[in-house]
Structures are given as C-alpha cells and as structure tokens.
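Residue numbers (our numbering), protein chains in the order written: chain A, 1 to 113; chain G, 1 to 112.
Please keep in mind that the hints were generated in silico from the structure rather than gathered at the bench.
Hints may contain errors.
What the hints assert, rightly or not - Result set (DSSO-like, lysine-lysine): computed pairs, CA atoms no more than 27 angstroms apart in a straight line:
#  : chain 1 : residue 1 : chain 2 : residue 2
1  : G       : 107       : G       : 67
2  : G       : 42        : G       : 56
3  : G       : 56        : A       : 38
4  : G       : 104       : G       : 42
5  : G       : 111       : A       : 44
6  : G       : 104       : G       : 56
7  : G       : 56        : G       : 2
8  : G       : 2         : G       : 107
9  : G       : 107       : G       : 42
10 : A       : 44        : G       : 104
11 : G       : 42        : A       : 17
12 : G       : 2         : G       : 104
13 : G       : 56        : G       : 107
14 : G       : 107       : A       : 44
15 : G       : 42        : G       : 111
16 : A       : 17        : A       : 44
17 : G       : 56        : G       : 67
18 : A       : 38        : G       : 2
19 : A       : 38        : A       : 17
20 : A       : 38        : G       : 107
21 : G       : 111       : G       : 67
22 : G       : 2         : G       : 67
23 : G       : 2         : A       : 44
24 : G       : 42        : A       : 44
25 : G       : 42        : A       : 38
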Amino acid sequence: DAMVIQNPRYQVTQFGKPVTLSCSQTLNHNVMYWYQQKSSQAPKLLFHYYDKDFNNEADTPDNFQSRRPNTSFCFLDIRSPGLGDAAMYLCATSRELGGHEQYFGPGTRLTVT
Amino acid sequence: QKEVEQNSGPLSVPEGAIASLNCTYSDRVSQSFFWYRQYSGKSPELIMSIYSNGDKEDGRFTAQLNKASQYVSLLIRDSQPSDSATYLCAVQGGGSQGNLIFGKGTKLSVKP
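So that you can see chain A by itself, here it is in the shape it has in the complex:
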C-alpha cells in the first residue's frame, strides 16, 4: 500500500542536542509538509517542499530546518531543541499544491528532557 512513513515514532532528546526526524513516502507526491502539533492544538505548518523548492512559513523559528534529498524522503532537523519544542511532528504529502488532499504519516512524538 502507498503510504507515508515516519521514523522514529518516538524520540527523546536532551535540551540543546540536535535531532533529526525522517519522513518517506511511496505515493510519489510532489509536495511534502512538516507540521508541529501540540496537545489540543491545530497542526501548525512549519514548511513545505514542492519538488526541490523549499517554502518556509514566516513564523517558523530558525532552529527548524529541513532537507529533501529526493522525491521520497524529507527530513526535519531541530538544531537546538528547547523544552517548548516537545510536540508531535507530522509529515504530510499531497500530489500538488493548493486544494489537493494531504495525507499524513503516523507522526513522531518528540520529548525534550
């Protein structure tokens, strides 16, 4: 089955220790998104890639970076995690930008100690 995969599902890191979360997709979609979701809040878009073109949301902190080495994979790097960065990180894909359906991976729960 075509799907969006995220690894790891749970990640514990120390305050200030860099961490990388990964996402892969077999849907062959052009767009990959990274969202942050905290408890009882809406998913918050951090950035997206349309193919190799990167689009950062205006309010995404510089502490968050992303890489998309090929169509299938996308990474979220948190350079110096703070306690406030503890959240669920969701990867999603869509065929195109705009009003196309987005499909989410299972998410990575990040804990910062």
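Given the coordinates of chain A, work out where chain G should sit on it, guided by the hints.
Below, chain G alone, put in the same frame as chain A:
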C-alpha cells in the same frame, strides 16, 4: 489573519445518533475543504473532502458546504463508539496555491 473556527466540544452523542460537527472560516476565496479524524495520540486521517456547495456523502459521513455563509459541516449517521475522536476541519487558504489552515478540532464522544 485567516481563521478556521470549530467548537472544541466535547460533543457527546448516544450510539446510533447523528453527530453534527460545524466549522466556519474567514477566507472568502477558499475553494477546498477537508475533514480529518484524529484519535488521541495518533495522526490526522482524511475522511472527507468537498469543493462545491451542497452535500457530499460517503458511507455514514456527509459533508455540507455553504460558501456564501462560509460554513462547512460534517454529519456522522449511526454514530459508533469507534467514531469517538477529534475531528479537524481544514480549509485551503490564500488563493489557488494556498496551504491548509486547520481548526483546533471538535472532540466527539459517542456513548454506548
């Protein structure tokens, strides 16, 4: 600031009843609307998309869209305890290439 508003709930309905979930949005040019279901601790799962005014049915789910009133709703017929989850409304904002704007979700509880 483009916004999507939902009643946070919890909305409690008895098993077998119709659950009605509502969502309003502020961006008049939005063209695409989605409902996601999110179980506690899990990721959002797409259950319905709707693009035109009127109703769209898929099994026990019916999405309703009224662009003039900037209102979209989701009806769940014959509600089951397994429908207990948070339902997120998402609206495409900012023109034809705009990203999705999510509401905070309505928590639905279906009592056996």
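Against the structure, the hints:
Proximity of residue 107 of chain G to residue 67 of chain G is assessed by CA-CA distance (about 24 angstroms); at most 27 angstroms being required, the pair is judged to hold. For the proposed pair residue 42 of chain G and residue 56 of chain G, the alpha carbon gap of about 26 angstroms is at most 27 angstroms, so the pair holds. A distance of roughly 31 angstroms separates the Cα atoms of residue 56 of chain G and residue 38 of chain A; the hinted pair therefore is violated under the 27 angstroms criterion. Under the criterion of a C-alpha separation no larger than 27 angstroms, the hint pairing residue 104 of chain G with residue 42 of chain G is consistent with the structure, at around 15 angstroms.
Between the alpha carbons of residue 111 of chain G and residue 44 of chain A the distance comes to roughly 31 angstroms, so the proposed pair goes past 27 angstroms and is violated. Distance check on the hinted pair: residue 104 of chain G and residue 56 of chain G sit about 23 angstroms apart at the alpha-carbon level, within 27 angstroms; holds. For the hint linking residue 56 of chain G to residue 2 of chain G, the alpha-carbon distance of about 25 angstroms falls within 27 angstroms, and the restraint holds. Between the alpha carbons of residue 2 of chain G and residue 107 of chain G the distance comes to roughly 22 angstroms, so the proposed pair stays at or under 27 angstroms and holds.
Restraint check for residue 107 of chain G and residue 42 of chain G: satisfied, since their Cα atoms lie roughly 14 angstroms apart, inside the 27 angstroms limit. Between the alpha carbons of residue 44 of chain A and residue 104 of chain G the distance comes to roughly 10 angstroms, so the proposed pair stays at or under 27 angstroms and holds. Of the supplied pair hints, the one linking residue 42 of chain G and residue 17 of chain A holds, its CA atoms being roughly 26 angstroms apart against a limit of 27 angstroms. This hinted pair checks out: residue 2 of chain G and residue 104 of chain G have alpha carbons roughly 14 angstroms apart, not beyond 27 angstroms.
With a CA separation close to 22 angstroms, the supplied pair residue 56 of chain G and residue 107 of chain G stays within the 27 angstroms bound. This hinted pair checks out: residue 107 of chain G and residue 44 of chain A have alpha carbons roughly 18 angstroms apart, not beyond 27 angstroms. With a C-alpha separation of about 21 angstroms, the suggested pair residue 42 of chain G and residue 111 of chain G falls inside the 27 angstroms cut-off, and the hint holds. The hinted pair formed by residue 17 of chain A and residue 44 of chain A meets the criterion: a straight-line CA distance of about 23 angstroms does not exceed 27 angstroms.
Of the supplied pair hints, the one linking residue 56 of chain G and residue 67 of chain G holds, its CA atoms being roughly 14 angstroms apart against a limit of 27 angstroms. Distance hint between residue 38 of chain A and residue 2 of chain G is fulfilled; the C-alpha atoms sit about 20 angstroms from each other, no more than 27 angstroms. Note on residue 38 of chain A and residue 17 of chain A: the hinted pairing holds, with a Cα-Cα distance of about 20 angstroms set against a maximum of 27 angstroms. For the proposed pair residue 38 of chain A and residue 107 of chain G, the alpha carbon gap of about 15 angstroms is at most 27 angstroms, so the pair holds.
At roughly 33 angstroms between alpha-carbon atoms, residue 111 of chain G and residue 67 of chain G are farther apart than 27 angstroms, so this suggested pair is violated. Only pairs whose Cα atoms come within 27 angstroms are accepted, and residue 2 of chain G paired with residue 67 of chain G is accepted, the gap being roughly 15 angstroms. Taken as a hint, the residue 2 of chain G and residue 44 of chain A pair is honoured in the structure, with Cα atoms around 13 angstroms apart against an allowance of 27 angstroms. The straight-line distance between the Cα atoms of residue 42 of chain G and residue 44 of chain A is roughly 16 angstroms, inside the 27 angstroms bound, and the hint therefore holds.
For the given pair, residue 42 of chain G sits about 12 angstroms from residue 38 of chain A by alpha-carbon distance, which is consistent with the 27 angstroms threshold.
Violated hints, listed in ascending order, are 3, 5 and 21; each of the other numbered hints is respected by the structure.
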